[in-house]
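Student: Those protein sequences? They're chains A and B, same order as listed. Counting in our numbering, the first sequence runs without a single skipped number right up to 528 at its last residue. Counting in our numbering, the second sequence runs without a single skipped number right up to 237 at its last residue.
Derived by calculation from the structure, the hints in this document are not laboratory data. Check the hints yourself; a few may be wrong.
As the list claims (entries may be wrong) - With a straight-line Cα cutoff of 20 Å, these simulated SDA-like cross-link-like pairs (lysine to any residue) come out:
(1) K97/B - K511/A
(2) K511/A - L464/A
(3) K136/A - F130/B
Claimed, not checked - Some chain A residues well away from chain B (every beta-carbon gap over 10 Å; in silico):
(4) S79
(5) E132
(6) L314
Note that the Cβ used here is the ideal one computed from N, Cα and C, for glycine as well.
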Amino acid sequence: MRLTDASVAIRPRTAWEAIDLGVLLARRHAGLLMLSWAAVTLPLFAVISALLWQYPSLTVLLFWWLKPAWERLPLHILSRALFGDTPTLKEALTALPRLLKPQLIASLTWRRLSPTRSFDLPVMQLEGLGGEARGKRLTVLGQRHSGGAAWLTILGFHLEGLLWLGLATLIWLLVPQQMETQFDWETLIQASSGKWLWLEHLSNLIYALVLVFWEPIYVACGFTLYLNRRTDLEAWDIELTFRRLRQRLVGSAYALLLACAAVTLMLPAGDALAAEPVGTCPVPFDDPAGPDAERLLNQPLTSKAAHEGIGTLLDNPPFENRESVTRWRFGDEEKAEEPSEEEIKDFAELLEKLFKLSEWWGKLDPVALAFEVMLWTLLILAIALLLWRYREWLETFGGRLGLPRRRVREMPSQLFGLELAPESLPDDVAGEAERLWAEHPREALGLLYRALLSRLLHDFRLPLKSSHTEGEVLRLVEGLQHEELGRFAQALTRHWQNLAYGHRLPPESLKRGLCEGWRRLFGRRAAA
Amino acid sequence: MQPNLALSSTSLLDTRRQVETPEGIDLILRPAGLMPRALAFGIDLLIRGAILLGAFILLGVLGQFGAGLGTILYFLVNWWYPVLFEMLYQGRTPGKKTMGLRVVHDDGTPVGWAASLTRNLLRAVDMLPFAYCVGAISCLSHSSFKRLGDLAAGTLVVYRDEEPKRPQIPEADIERAPFPLSLAEQRAVLDFAERRADLSGARRAELAAILAEPLDSLPDHAEKRLHGIARGLVGSA
């Protein structure tokens, strides 16, 4: 037994934690343990049942009584698996007869009802103690944890019962309802009459199956309790760390010493040494086989092992995080097959027939045309009818559907605070301006400018916006390519700006020019 | 040597679970298995039974009204007893307290209402088909001993850490270790001194002899020197 090979973390635990560890240990080797247990006990169960067919209760009692004998097998497997030497199923089964020999009678008689059975078993089987030595050993070991072992047995007893009842209930629940009428509790109670023998044997079988699940865990828990007690008693954890420490401190020194000695012994004569500069461990660059060659072959950790170790480390999280994604997709499409000659021939025939058909159709052209016209007419009529039928609906909700509509350009009613509606203007703008000029030149010029803007907006359809400045309006007017209007607008705008913002009165001479200009431009139109 | 150790220790079977906090501190949780949990449940069952029995005897006097109250009480005791205890009593029912257990989230934080309600409502599933069979099987086959309710709620039943007692280290001349010690090795030297009373004299000498050579001392004196190193590690007290 080498502690460094142990596959469980060795440290002192409480009794409960030791039992938990046993559950984990049994879980790790569950397949082997259950399989071996089933391979041994189920045939035996069958034999006992066959022999005692008339006495099912006796069968289960006998089977239960023999449990300690078979518990030696899981313990054997676990004790080897603990140190990394897990036996195969075959090895385990062949070892069974040897395991059964020692103290079998005692196990099956006066020690059968001991509550600490699982805890005591390793002392007998693994330490090979018997008689007085065993008793003393158990006294020492049992100072602690024997309580835990007893609780384990008590709980195990209850758990067996629970699982047995649970499995039986499950089967009972699965019985179809039509059959249930035949199962009456009264008849079940009278089962001992012999008619229901098979039912009792079924319940025995359920018990045997429950044991397949539970017994390895029970043995493993007892085993880990025993291990924990010994860890406690002999400070295995301390020993383990001390040995590693010693190896770290002394072992490396030893290795160095040995290597030096080896080199000294193997050294050839002085000349050869001078001629050969090769050391035992060449620098990777000088090594002819390159840096990938295997090195450090004479020590526990060779370069290859280290390389593999690093590889596996780098292959696992957090360095590599793999995930597999499963999703549905169509099966592979069938490959297009090369057309065979026959198919080509068929295809040619088909073409020929189609050609003939089209010829025949040619004769039917006028009829077809008539039909076509009729069908199209029907379609158009139907659409028109639909539109008519739903005209109100379309009017109401058409806007909401986001149908494109001609956007009505909004005309501003005011620009620079000036009223632009044609109705607000006097009929004879030029005359009115002339009349006002003498007393209210400001109003006169304002009227002209207002009228100009109104005309531009309503007659020339200039896209004026309330955000436009006078200059921008002028530029738009230039875009109209109307020379006379352009000149008129320019002059009027300049004088209007001078008056409105600069408070400089327009010269008297301007009155005639502007009013005449207005008449020339718009007078005719107004008259028309 | 060190990375090798780390490699092998990851595959070692252990009941402990490490939870790393954002600060890089490893919290150690010790999930509890079926046995202590079953015992805790048994204790709780007895307490609940006693409460109900007492209440029913008292309420029996009140006739039908009492029967109604009794039904409500039965509901509360059956479904809210574990939830309320877990929420208001640091994740412990009386049974769990007796067994030194408590309920926490998977990451070691105290259990919340949602998790507690989930894990206790799912007892209805764990109970199937008879007396917690599903729960027991789930508990025995999960690496952290979770029943279905725990799986759904993301909770763990762990052992409570006991208050550490001040250990006694035997008298010896304080000295510094002649070689650097890793944390685990320091812990082992301290353990060796602290668990002196549990070990037989012969076993102590045997253990100390392992380190006699690196300590450059006779095997007989190694134990004394290890105790000295342990005192040195603890510091003056």
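Student: So, for every hint listed, does it hold in this structure?
Tutor: Checked hints:
no. : hint            : result
1   : K97/B - K511/A  : 110 Å, violated
2   : K511/A - L464/A : 27 Å, violated
3   : K136/A - F130/B : 43 Å, violated
4   : S79             : 14 Å, holds
5   : E132            : 20 Å, holds
6   : L314            : 12 Å, holds
Hints 1, 2, 3 from the list above are not met by this structure, while the remaining hints are.
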